[in-house]
Amino acid sequence: MKSSLVRQALVLAALAFVPTLVQAIYFGDKVSWRSPVPASEMVTVTQARAWDKNAIWVDARPDNEFARDHVPGALPLNEDRWNELLAQFLGAWSPEKKVVVYCGSEGCNASREVAHRLRKEAQLANVFVLEGGWEEWLKEK
Amino acid sequence: MNDTSNIKHQTSNILHFLWQIVDVIVGGIFIYAGAIKVLDPVQFANDIDNYKILPWTISVGLAFYLPWLEIFCGLALIVRRLYFGGLSILTALVAVFLAATIAAKIRGLDITCGCFGHVSQNWNFPAHLAIDLAILAALLALSFRVVSGNRLQDAV
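Line by line, the protein sequences give chains A and B.
Going by numbering that gives the first Met the number 0, the first residue of the first sequence is number 0, and it counts up by one from there.
Going by numbering that gives the first Met the number 0, the first residue of the second sequence is number 0, and it counts up by one from there.
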């Protein structure tokens with residue numbers, strides 16, 4: 000009975016893999032495997048650099064990390080001093096510019112949160128999250 | 000003597016029919032829950048990620064895989080093929096999910112389980128717990144019935 004149970008469970012587990020693979024291929028461009036942000040809202044360092052003057056870089060890391068070093072020209076905008084820094088950011092923002100938000104690394108959430116709040120609260124379009132964050136920027140510097 | 004035997008036989012048939020209804024209801028619940036999540040795997044991946052237990056990549060993989068597993072196991076209960084395998088997988092899934100939900104609550108996480116798509120998004124924690132415990136109880140009752148040998152013949 001035990002071997003029958005295991006055999007049946009394995010057959011079911013294997014059967015479920017077939018539609019899973021088909022669906023994963025179908026949804027390939029709709030979900031990022033690296034980050035919860037949809038692929039369309041992510042940008043690589045190379046892509047963001049290519050936007051040059053058409054991009055505003057936003058540093059979502061804490062103030063002390065921003066003070067230590069940051070992407071040249073980036074503006075600080077973290078959730079600790081959101082209201083104060085948002086006003087400063089909106090002063091520099093213009094509708095034709097793309098906003099590139101980054102935090103420390105691939106695993107951090109701050110850039111996603113800040114990007115989300117910029118879209119929802121400030122009603123901004125063209126807000127992107129930098130893949131790999133500050134660490135990736137340093138690698139490709 | 001014959002009357003007693005007939006009554007026993009009829010009672011057994013009625014019980015068998017009632018258990019079949021439980022199979023269909025429980026199987027149907029998992030097919031419904033799986034189908035809703037198949038339609039929006041990205042949302043389900045976010046729901047899994049909200050538990051803050053697994054890396055995002057694994058959450059995405061599970062968001063694609065688990066709904067189909069639920070559907071196949073639900074079908075197994077209804078059509079009574081690979082029955083015990085389906086029952087065991089579903090019992091394990093619900094037990095793991097219950098443990099994760101309780102752990103998330105203890106850690107103070109504000110989670111949406113997304114188990115039944117938008118229908119379950121506004122359920123509070125006690126409602127989640129009550130429904131999951133009821134499903135787990137039904138699965139355990141079905142498992143106990145198989146283990147006790149009453150339907151071993153059907154199950155294999």
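Simulated from the structure, these hints should not be mistaken for lab results.
Don't be surprised by glycine CBs; every beta carbon is placed ideally from N, CA and C.
Among these hints, one or two may not hold up.
Said to hold, decoys possible - Just a few of them, taken from the derived set where beta-carbon distance is under 7 Å, the chain A residues facing chain B:
{"#": "1", "residue": "Leu4"}
{"#": "2", "residue": "Gln7"}
{"#": "3", "residue": "Ala8"}
{"#": "4", "residue": "Val10"}
{"#": "5", "residue": "Leu11"}
{"#": "6", "residue": "Ala13"}
{"#": "7", "residue": "Leu14"}
{"#": "8", "residue": "Ala15"}
{"#": "9", "residue": "Pro18"}
{"#": "10", "residue": "Gln22"}
{"#": "11", "residue": "Ala23"}
{"#": "12", "residue": "Tyr25"}
{"#": "13", "residue": "Trp32"}
{"#": "14", "residue": "Ser39"}
{"#": "15", "residue": "Met41"}
Evaluated hints:
1. Leu4: Where the cut-off is 7 Å and the nearest Cβ of chain B is about 5 Å from Leu4(A), the hint holds.
2. Gln7: 2 Å, holds
3. Ala8: At 4 Å from the nearest chain B Cβ, Ala8(A) passes the 7 Å test, so the hint holds.
4. Val10: 6 Å, holds
5. Leu11: 5 Å, holds
6. Ala13: 10 Å, violated
7. Leu14: 5 Å, holds
8. Ala15: Result: holds, 4 Å to nearest chain B Cβ.
9. Pro18: The hint holds - Pro18(A) has a Cβ within 7 Å of chain B, the shortest such distance being about 5 Å.
10. Gln22: Constraint on Gln22(A) satisfied, holds at 6 Å.
11. Ala23: Cβ of Ala23(A) sits 5 Å from chain B, so the hint holds.
12. Tyr25: 10 Å, violated
13. Trp32: 5 Å, holds
14. Ser39: 12 Å, violated
15. Met41: 12 Å, violated
Against the hints set out earlier in the document, violations occur for numbers 6, 12, 14 and 15.
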